[in-house]
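Participant: So you can see what is in the structure, the chains are spelled out below.
Number of protein chains: 4
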Amino acid sequence: MNPMIGRFGTKRLVRSLQTGRVLPALFLTMIGLIFVFAAIMRVVDPKSFQTFGTALWWSASTVTTVGYGDVVPKEPFGRFVAAILMVLGFAFLSLVTGTIASALVSRFHVDKESDPVVQAIDRLERRIAELEKRVG
Amino acid sequence: MNPMIGRFGTKRLVRSLQTGRVLPALFLTMIGLIFVFAAIMRVVDPKSFQTFGTALWWSASTVTTVGYGDVVPKEPFGRFVAAILMVLGFAFLSLVTGTIASALVSRFHVDKESDPVVQAIDRLERRIAELEKRVG
Amino acid sequence: MNPMIGRFGTKRLVRSLQTGRVLPALFLTMIGLIFVFAAIMRVVDPKSFQTFGTALWWSASTVTTVGYGDVVPKEPFGRFVAAILMVLGFAFLSLVTGTIASALVSRFHVDKESDPVVQAIDRLERRIAELEKRVG
Amino acid sequence: MNPMIGRFGTKRLVRSLQTGRVLPALFLTMIGLIFVFAAIMRVVDPKSFQTFGTALWWSASTVTTVGYGDVVPKEPFGRFVAAILMVLGFAFLSLVTGTIASALVSRFHVDKESDPVVQAIDRLERRIAELEKRVG
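Chains U, D, A and Z supply the protein sequences, listed in that same order. The first sequence maps to residues 5 to 140 in the working numbering. The second sequence maps to residues 5 to 140 in the working numbering. The third sequence maps to residues 5 to 140 in the working numbering. The fourth sequence maps to residues 5 to 140 in the working numbering.
Hints listed in this document are in silico derivations from the structure and should not be mistaken for laboratory results. Ideal placement from N, C-alpha and C gives every residue a C-beta, glycine not left out. Among these hints, one or two may not hold up.
Unchecked claim - Here's a subset of chain U near chain Z, in silico, CB distances under 8 Å, partners left out: (1) S20; (2) F96; (3) S98; (4) V121; (5) E134.
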């Protein structure tokens with residue numbers, strides 16, 4: 005892949021995380037993961053997940069890190085797939101939380117009226133303008 | 005709805021998240037969700053939730069993402085409602101954490117004595133004031 | 005209580021959260037909560053928690069939001085006390101995470117060599133010093 | 005240990021947390037913890053964890069705070085070791101989330117084109133350059 009496009013894509017991704025614009029996409033990805041992992045589990049461990057609804061119930065409680073444990077995989081490979089979903093759920097929780105924190109903090113700077121740093125710089129700007137007039 | 009009012013409301017909401025003023029309201033909403041989802045579950049799956057107290061016990065352990073699993077819905081629609089509460093609990097955890105992070109970071113800027121950025125700008129301001137005096 | 009002392013205490017608390025100095029105290033408080041809630045449960049629901057060790061096992065899995073569910077209170081009042089510990093665990097997770105985020109972000113500003121904002125202000129300071137020399 | 009080296013190591017660690025460079029290392033450490041605690045449990049409570057795969061299944065669900073509860077230690081010492089892993093999982097979730105939040109916020113400052121603070125300082129810099137020309 006063209007590295008320029010790659011870097012551009014990374015930059016756009018980081019920007020959308022910082023501003024929180026990515027949150028609806030993250031939410032949809034999470035819903036998607038629930039369906040994809042339910043489907044995989046139906047194939048991998050059909051004895052433990054006798055209906056697709058039961059598999060959905062398990063994947064929803066796993067990706068949200070709730071983990072009731074009333075329905076769980078018993079096959080080794082099913083447990084391996086489940087472990088991947090647990091780590092994904094863990095990563096999602098971190099990513100969504102970090103994104104919300106970043107979006108709130110960065111909007112603080114963007115909202116000029118309430119950011120003391122931007123206000124202090126604005127004060128400086130006015131004094132320099134004053135200086136410019138005096139100097140001629 | 006008037007878009008101006010809509011944007012004003014959004015701005016006020018974002019502000020209250022940034023400063024953490026929204027935290028008591030988020031806390032009350034969470035307590036409210038526990039009661040509302042317990043009531044829904046009593047109607048949707050009365051066999052699994054034989055008393056309102058049992059339903060409350062389940063909804064508290066779900067929204068906090070603890071998820072004991074000793075009491076769980078068994079009806080498909082009950083599990084669907086439960087999945088909504090799990091996702092809401094997940095979203096709450098992200099929102100509360102992001103709000104606390106943002107409130108702590110933004111107060112860092114507000115507390116002028118300890119923010120090196122605001123201190124550096126203050127130093128600049130004093131030097132420009134000195135310049136103004138010399139220039140006349 | 006003297007409001008000045010009250011505000012001073014709040015300010016010190018917020019500072020210790022921002023810098024992360026509070027983290028060891030939060031950790032000890034969490035360990036303390038595990039012991040206190042285990043002791044309460046032994047009194048409130050001795051049938052479900054037949055030894056203090058079992059109660060500790062339950063309170064550790066609850067405050068960390070793991071929630072195995074192999075040991076759970078069955079008495080209504082025990083469940084009420086447990087719900088308080090769940091909410092406390094939820095609040096702790098938010099507070100510890102928000103504190104770590106804030107500590108990392110604020111140290112970014114303190115570490116002058118790597119903060120582009122502080123670097124930009126330093127550049128400004130040197131140029132104003134240059135101006136001062138020229139003006140006399 | 006030489007305190008200079010110690011402080012240097014701490015500074016590098018804090019930097020790698022702030023920028024998020026540490027995230028792959030944190031991820032590998034978490035995978036490592038799953039294996040190490042599974043091995044410990046096989047030794048400490050072999051009756052509850054009859055295969056290494058079962059122990060892995062338990063440690064994965066514990067460190068991610070999912071906590072199904074279908075496999076749990078029953079020996080007091082096993083429960084003590086498990087409590088350590090729960091607290092480590094809790095700490096990991098906080099650390100990873102805080103690191104992501106900090107990395108997103110700090111990159112906001114580094115990306116000069118989009119940070120209003122850096123933009124405002126750039127504007128100031130241009131005006132001071134203008135002043136320098138006029139003063140001579």
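Participant: Failing hints, ascending?
Facilitator: Of the numbered hints given earlier, those the structure breaks are 1, 2 and 5, listed in rising order.
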